[in-house]
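S.K.: These are the residues of each chain, in order.
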Amino acid sequence: MLNHMLKDLRLNRRGLLIFGSFYPLYMGFFGSRLSTPTIAAILGAFLYGIVPIIIFGREDRFKASGFGLSLPTTRREVIRSRYLLSWILMAVCYLAASVLMVVMPGGKLGLSNVFAVRTILISLTSMTLLFSTLMPLFVWLGMAGLMAFLVAIQVLGIVFMLLRFVVGRSVIAVVRALPRAITAAVDALGPAGAAAAVVALLVLINVISLAVSTRIFAKKEF
Amino acid sequence: MDNALDVRNLAKDYGDFRLRDVSFSLPRGYIMGLIGPNGAGKTTTIKLILNLIRRDAGEIRVFGLDNLAREVEVKSRIGFVHDTPCFFEHLTLQNVAKTIAPFYRDWDEVLFRRLIHDFGLPPRKRFAKLSRGMKMKFALATALSHKSDLLILDEPTSGLDPVFRRDLLSRLLGFIQDEGKSVLFSTHITADLERIADFITFVRDGKIVFSSPKDEILGAWAVVKGGPEILASENLSLFKAVRRREFVVQALTADAAEARRRLGSGAIVEQATLEDIMFYLSKGNGHA
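Protein chains in written order, with our numbering: chain S, 7 to 228; chain U, 68 to 355.
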């Protein structure tokens, strides 16, 4: 697994340097201008989730996946190492951006805001939802998977707008019910219990995503 | 006999192309040529051995190990040269080597550097900047540098200059001198195989036509040339493929001795080359 991770890091040094420094820098600056860290957490997660996909997409571009699989390795190992490396990259980007948000001159966010459990959980949830959906699509379709995902998000937005137009404000009521349900669950479990439940759920989503990606990759032909 | 490679009843269905019931064995210490026209199933067979594509049926054993159940062990004993080497284009050759070396327990850096030097490859040059021939040389250098026991080469000599082709062939002969090492060599350039191969496996339309020792093939197969009378009904079973001209008939037989006995001075029976066999079986009519 370590060999695969080192291989991917070596292959993508330049890409990592460019995207891995630009995105945290951008989010660090942008986030520091906000008075609430929630938007920065959600938007940042989107950017960090894209970083591993862009990195792995380079192998796709060079059509070198077949060669990679002719090395002494298994497909399961390739996917596992990619998930692990992705989370390491996302975590590094997230940490770097968070620190920058705090230390950026003229910033509005303090350490207690950026590193609050709630903010961290929102970031982790956003990253998990994005990455765990995107990665199986990427494994299945390559870079076209990323495009499919972006298009799907646009389509969902349009569908939501149409629903709102057709069905009326009840759609918004349904969407607004979600935070209320979460708040109720947090109240019931207590802050520590709710955090543990969220983390457990996120781990489960990642494990399911890993299993789906592994299954897709096992069937791919090179 | 102890085999480096055993392929049994291999099948793969692409819809528009099917590999059917492919079986052959490559004994240790020998070179096998895999020949056949374009789209016959050579690359598909090689990809199945390396688990780059999924088989629908059959079994593949490399040094007695199942290629799926013992995938890592099997691949670490195989040196693979793809027909279009796809490494990581933007890396220099030395960085490509640094990237793949940790995957192999027996990677020999000294040997790799020597091969790079012998092949005239610039280690600091990017892979993308190499010519096709140089890419092939680099792929060969990496395949040889981890002390593989089985070399699998998919069209390795296409795009190579004649000097390096000869050099490659002599290296392959040197490779199998080391006891127990074997080579599976897919190519269109059958003259290369006549120089070095011990066994020939001929694939056509996804099926094995024959898989036998080369000398046996070259001893038995012949091109028969004569007038239309050689296609008399009692002789038809002799011929595997026939090509007709206005006054001349050329036919391929797998039994040269029997053809000489039956046709006598009424026909010329010439030993067939591998190219003849491939040509007639691909282009000739199945029978008169």
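Please note that a few of the clues may not be correct.
As the list claims (entries may be wrong) - Quick partial rundown of chain S residues pointing at chain U, CB under 8 Å, derived from the structure: (1) L12; (2) T79; (3) T80; (4) G116; (5) S118; (6) F121; (7) F223; (8) K225.
It should be emphasised that the hints constitute simulated quantities derived from the structure, not laboratory data.
Everything numeric in this text was worked out from a predicted model, so none of it was measured.
Glycine included, each C-beta is placed from N, C-alpha and C at the ideal position.
S.K.: For each hint, tell me whether it holds in the structure or not.
M.R.: These are the hints, each one checked on the structure:
| no. | hint | in the structure |
| --- | --- | --- |
| 1 | L12 | 7 Å, holds |
| 2 | T79 | 6 Å, holds |
| 3 | T80 | 5 Å, holds |
| 4 | G116 | 42 Å, violated |
| 5 | S118 | 43 Å, violated |
| 6 | F121 | 37 Å, violated |
| 7 | F223 | 11 Å, violated |
| 8 | K225 | 7 Å, holds |
Consistency with the previously given hints fails for numbers 4, 5, 6 and 7, ordered from lowest to highest.
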